[in-house]
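Engineer: Protein chains in written order, with my numbering: chain W, 1 to 129; chain P, 1 to 129; chain U, 1 to 129.
There's no promise every hint is true.
Said to hold, decoys possible - Computed cross-link-like contacts, DSS-like style, restricted to lysine-lysine with a CA-CA straight-line distance of at most 25 Å:
| hint | chain 1 | residue 1 | chain 2 | residue 2 |
| --- | --- | --- | --- | --- |
| 1 | U | Lys128 | W | Lys82 |
| 2 | P | Lys15 | P | Lys128 |
| 3 | W | Lys15 | W | Lys86 |
| 4 | W | Lys128 | P | Lys82 |
| 5 | U | Lys82 | P | Lys128 |
| 6 | W | Lys79 | U | Lys128 |
| 7 | P | Lys15 | W | Lys128 |
| 8 | P | Lys79 | W | Lys128 |
| 9 | U | Lys15 | U | Lys86 |
| 10 | U | Lys15 | P | Lys128 |
| 11 | W | Lys86 | U | Lys128 |
Calculated directly from the structure, the hints in this document are not laboratory data.
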Amino acid sequence: MPLVRFDLIEGRDEKDLRELLDASHRAVVNAFGVPERDRYQIVNQHSVNELIIEDTGLGFDRSRNMVIVSVTSTQRSDKQKKNFYKLLAQELGESCGIEPNDIMVSIVTNGAGDWSFGFGEAQFLTGKL
Amino acid sequence: MPLVRFDLIEGRDEKDLRELLDASHRAVVNAFGVPERDRYQIVNQHSVNELIIEDTGLGFDRSRNMVIVSVTSTQRSDKQKKNFYKLLAQELGESCGIEPNDIMVSIVTNGAGDWSFGFGEAQFLTGKL
Amino acid sequence: MPLVRFDLIEGRDEKDLRELLDASHRAVVNAFGVPERDRYQIVNQHSVNELIIEDTGLGFDRSRNMVIVSVTSTQRSDKQKKNFYKLLAQELGESCGIEPNDIMVSIVTNGAGDWSFGFGEAQFLTGKL
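Model the full assembly from the supplied sequences, consistent with the hints where possible.
Structural biologist: So this is what it looks like as structure tokens:
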């Protein structure tokens, strides 16, 4: 159920984009322990001047490969989140050649009643999930 | 005040898009009991490969008509949320022919101080709303 | 660290867009007291029919200049938020000629563990930030 929004600079072809999404989803599944089909991914592709992503003074730059990942999820522990950040960087590095300085993640938490996956129902409240 | 973001696959014409937004807004107004002009809707239209929306194993598919609705709102009860999901599926079905398997909703909650509707003011804190 | 998403109607040139982002960032830095390089801005540009932004009955209209600002941040006080709304309206007015009726802001709060700025690390948890 995490809903994951990707903001990227335009220019990747269809295959590269799919690999990026597949790799990211492996990190979600492994870090959060969700089912394989718990996959909800949205991509926004931007021109270069639509993304200004700096570093809070940490001392690194971003390239045009940068990936900003915005996750909406029910509660996850800090341990799960840290594992997600690590796995995501590994997966995007190994599968897509994205450098670790180019990956930024932000998570927002909501509750069981905040999700409807279809059919006008709140599946976490009805017991279907 | 709910701020409602719609992620869709591109291809609807202007009239169909407007009907989708009108229908969705009726569900917001009726489920949350907000004023008619409490309407804040943003649409992101995507190519097919920018949306991967599955089903957490619930056993249904999505079509190119799918609508992903991301709501930011102050606190709503589970009863209101469940009513919203139901009304939204009804409205989008009746007015736009969108099937119930194509509608996904996620809600994120914030507080009274988290909104400024204009003029550099926090209208929920100043008493104007 | 606030991650700031801007939804705008398309049509600004590169220089105007940059001024809008610079002006907004000055408001973030001054209102929230964050470092200059704590800058994370994403722009989504829309056709006119993709944004329906009304006024909850407050009694004003929006023009095609409207700016919808969606902020994700760790906890800020109401005082800081009110100051942000005020400074943002000032900055966008003075630097970009955007009228105060055209500026809407919504804030969502998350926690220290909800951010990774790069390298697969949660910098607020590791002590690097």
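Engineer: Where does the structure disagree with the numbered hints, that is, which hint numbers, in rising order?
Structural biologist: 2, 7, 10
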